[in-house]
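Produce the complete structure using the sequences and hints provided.
Number of protein chains: 2
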Amino acid sequence: MAFTIRGTIMQTPTAEHLQVLQDHVVTVSDDGVISSVVPGSAHEGSVEVTLAEGEILLPGLIDLHVHAPQWPQLGSRLDKPLEDWLFEHTFPLEARFADLSFAAEVWPSLVGGLLGLGTTTAVYYSSIHPGATQALAAECLRQGQRAFVGRVAMDHLEGTPEWYRDSDARSAVEASHQSIVDIEALDPSGLVRPIITPRFIPACSDALLEGLGELAASSGALVQTHCSESDWEHQYVIERYGVTDSVALERFGLLQTPSVLAHAGHLTPDDDLVLAGTNAGIAHCPLSNSYFGNAVFPLRRVTDAGVKVGLGTDIAGGADPSLLAQCAYAVTGSRMLEDGVNSAVDAESRGLVSSRVDMIKAFYLATVGGADVLGLPVGILEAGRAFDAFVVRTGDQTSVRRWPELDDDEAVFERLVRLARASDIVSVWVNGTEVQTRQVS
Amino acid sequence: MAFTIRGTIMQTPTAEHLQVLQDHVVTVSDDGVISSVVPGSAHEGSVEVTLAEGEILLPGLIDLHVHAPQWPQLGSRLDKPLEDWLFEHTFPLEARFADLSFAAEVWPSLVGGLLGLGTTTAVYYSSIHPGATQALAAECLRQGQRAFVGRVAMDHLEGTPEWYRDSDARSAVEASHQSIVDIEALDPSGLVRPIITPRFIPACSDALLEGLGELAASSGALVQTHCSESDWEHQYVIERYGVTDSVALERFGLLQTPSVLAHAGHLTPDDDLVLAGTNAGIAHCPLSNSYFGNAVFPLRRVTDAGVKVGLGTDIAGGADPSLLAQCAYAVTGSRMLEDGVNSAVDAESRGLVSSRVDMIKAFYLATVGGADVLGLPVGILEAGRAFDAFVVRTGDQTSVRRWPELDDDEAVFERLVRLARASDIVSVWVNGTEVQTRQVS
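Going line by line, the protein sequences match chains A and B. In this text, residue positions in the first sequence follow numbering that gives the first Met the number 0: the first is 0, and each later residue adds one. In this text, residue positions in the second sequence follow numbering that gives the first Met the number 0: the first is 0, and each later residue adds one.
Everything labelled a hint here was simulated from the structure, so no lab data went into it. The structure presented is a predicted model; accordingly, all values stated were derived computationally and were not measured. Idealized CB from N, CA, C, for every residue including glycine. Check before you lean on any hint, since a few could be wrong.
Below, in silico cross-link-like pairs of lysine to any residue (SDA-like), each with a Cα-Cα straight-line distance of 20 Å or less [to be verified]: (1) 79/B / 91/B; (2) 79/B / 15/A; (3) 79/A / 299/B; (4) 79/B / 90/B; (5) 79/B / 408/A; (6) 79/A / 337/B; (7) 79/B / 402/A; (8) 79/A / 17/B; (9) 79/A / 90/B; (10) 79/B / 406/A; (11) 79/B / 17/A; (12) 79/A / 410/B; (13) 79/A / 14/B; (14) 79/B / 337/A; (15) 79/B / 409/A; (16) 79/B / 299/B; (17) 79/B / 79/A; (18) 79/A / 107/B; (19) 79/B / 18/A; (20) 79/B / 90/A; (21) 79/A / 231/B; (22) 79/B / 353/A; (23) 79/A / 91/B; (24) 79/A / 97/A; (25) 79/B / 405/A; (26) 79/B / 352/A; (27) 79/A / 353/B; (28) 79/B / 299/A.
Here's a subset of chain B near chain A, in silico, CB distances under 10 Å, partners left out [said to hold, decoys possible]: (29) 85; (30) 88; (31) 264; (32) 305; (33) 351; (34) 359; (35) 398; (36) 410; (37) 411; (38) 421.
Put into structure tokens, the structure is as follows:
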């Protein structure tokens, strides 16, 4: 049903501009698309939802990189060495999703938890299991989250354990194909869509990568994988193919549809040129990179080169499920890249000059940036885009206090992004449907 | 009144050991001191407080570095260049505390906000104003927070603006002395205590530093200041005195009583030796350092050298008021120091090997570490120490979900530290008195 909502909007139409629309009315059509955004004084007719004093309406957040089966591990095991993290904890956890009853325990918590943080769109790695993957897509649909859900393909005899891999390339491609068919049949509306998901090059045989590239061409489905995440992974690909991830993925036909490349902290300037000429975009996962990336993604350089970039949590390599928090981690990481970390090195050679980004740019990446990577008409509240949005409470009883004598719009916005917690998010809409509300005292 | 509390305790008696006491009973005497901690099965008599399923009792957190008047700026202005941050925003904000009505607006929010995050002890920089400083001490006492409150002393004609400084060294020392007398008179119990607070060397004349060193000797009061925070500040002191901060502060007699040195990211190994031989300890403020420190504090090297270290938020140079969050930032920062940040540099020379610390060590610093720096008998729940503690809810309706099939104690603890939010903290005690409770639905 069409409805209107009245209040103050904060959003970032460009990476340099914070737009604050005081007392505006958003009209949403029956199909969930915004038909107009006008000043309250110019609106005629009824208003169904009026934001309370201190509440702010923002465009929904887009998480480009979530390992759904790792949700039960969130916030733990990060002190373990990478090998233990992967083979003793992460792969065994993912392998449990052969059991649909375990999936039924985890998926509602995951999808509800992310929606409650304002994540209106999520791009999920599921597990290798068709059943759990289909159940995840169904759960997104049930809770009303916009999502891309990918069955993980991985068959490499050295890069994966024998107890958690596809049996061979051909059956893996077929399972991924069937998952596309099944998810499209589940949701003809397209709110929840399939995505082709080779785990990463070290986990996939050449035959599998080729087969999935062909599947992308024939199905038109999006693709997601990891790209130049760490020293080890980046070097592995160079040794296997003589080229970097970006080039190898392009050769396998994995960058022809909109592709989400997670991490990419070790991209070279040449890689920037490759990616800027494709449909691929990057899921920058700043907190995760601090643990598993061995470096900070050169965000400013890569966006300056014209590559599309959005943000991701990388649950559960990234311990914080909030995209607002990822905005702050992106800003913080950019400052650490600019200044360097080791005080025993001269200040001049310690960091990488001109690397810092500000909070406006970070929020742009979490909204418009992610929408551009996925080719979705969301990310800004304006006529013609779907109404994916959330409301944050600010003021005395919240994490986002207000000081009218001191604050300007930019200060309020930065504080909101840095400090709003799940308990401050009171309403979430996806495609015009209210999918979560929180009672506040 | 004496009371008992029964439930599960998690704490870190050493920097390497997580202690989990399932179903224990803590008995607290009339004076707020713990008289015993015994297994529930060994307890005879009544129990006044029984924790609910999923609730965990932890020792209270100690924030070694808070700029109280910067609270209204929390989470904002961090995209500004340092000079603007300081002279256009921070100093003008601090100068407003000449107005006691403004202080009356800010202090209750600050003290209540920190208590609500489990910060049972805070070490405050106030402003230069005796009135606002006394009001802050009174507010800590009113809300029952253990605190050190310091009137800021700063008189340097170049390092401070003329509209926000002490008029001269002599009057500054006298005002700091009077503040000690006034705070001690306010609270003979010693829950709230004065602390001598030269802002930092660049803001203080030699005469002021000398006078405050003498005041430390005559009063026995603790001292706090900043130390080797940034490239600029570290070099400034070397140029002014020919020695580093640590040595200069020791010469001025500012390290003879327990002293809290904030930041210290640019300490040299020689400084480690100086500090290990004094009563001084460091307030490591990891998030703030990412913005204003130009490097990561070499936490592991400095603690290995025997220097005392605790954690601080550095509100509002640090945008996150939670000490639990600072634990996570400390771990994250240590990983970034170890690995380095600039992927264009060879992996071998990018970072500083053997720099990482784990969450157990970080929590130890936020509790026992801070207590040791301040010489307070808190930080662990054991007989003979004051009962400063807080309770975190975990489980489905919280930020700290539980997965009994997967979790061990260490996983639950790490997740709790990384993910617990103010909304999950339901009770806070200081010195045996419950100072905050939160209703949960």
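Tested hints:
1. 79/B / 91/B: holds (15 Å)
2. 79/B / 15/A: holds (14 Å)
3. 79/A / 299/B: holds (17 Å)
4. 79/B / 90/B: Holds: residue 79/B and residue 90/B sit about 14 Å apart, inside 20 Å.
5. 79/B / 408/A: holds (15 Å)
6. 79/A / 337/B: holds (15 Å)
7. 79/B / 402/A: Holds, at roughly 19 Å.
8. 79/A / 17/B: Roughly 15 Å between the alpha carbons, so the hint for residue 79/A and residue 17/B holds.
9. 79/A / 90/B: The hint is violated at about 43 Å.
10. 79/B / 406/A: holds (15 Å)
11. 79/B / 17/A: holds (15 Å)
12. 79/A / 410/B: Between residue 79/A and residue 410/B the Cα gap is close to 11 Å, so the pair holds against 20 Å.
13. 79/A / 14/B: holds (17 Å)
14. 79/B / 337/A: holds (15 Å)
15. 79/B / 409/A: holds (11 Å)
16. 79/B / 299/B: violated (31 Å)
17. 79/B / 79/A: violated (37 Å)
18. 79/A / 107/B: violated (41 Å)
19. 79/B / 18/A: Holds, at about 19 Å.
20. 79/B / 90/A: violated (43 Å)
21. 79/A / 231/B: Violated, because 36 Å separates the two Cα atoms, which is more than 20 Å.
22. 79/B / 353/A: Answer holds: residue 79/B to residue 353/A is near 14 Å, not above 20 Å.
23. 79/A / 91/B: With Cα atoms ~46 Å apart, residue 79/A and residue 91/B exceed 20 Å; violated.
24. 79/A / 97/A: violated (25 Å)
25. 79/B / 405/A: holds (16 Å)
26. 79/B / 352/A: holds (16 Å)
27. 79/A / 353/B: Within the cut-off at roughly 14 Å; holds.
28. 79/B / 299/A: holds (17 Å)
29. 85: violated (15 Å)
30. 88: Cβ of residue 88/B sits 9 Å from chain A, so the hint holds.
31. 264: Nearest chain A Cβ about 6 Å off; hint holds.
32. 305: Hint violated; residue 305/B Cβ to chain A Cβ min 19 Å, cut 10 Å.
33. 351: It holds, given that the least Cβ distance between residue 351/B and chain A is near 5 Å, below 10 Å.
34. 359: holds (8 Å)
35. 398: Residue 398/B check passes; min Cβ-Cβ to chain A is 6 Å, inside 10 Å.
36. 410: Where the cut-off is 10 Å and the nearest Cβ of chain A is about 4 Å from residue 410/B, the hint holds.
37. 411: Holds - the Cβ of residue 411/B comes within 10 Å of chain A, reaching about 8 Å at its closest.
38. 421: holds (6 Å)
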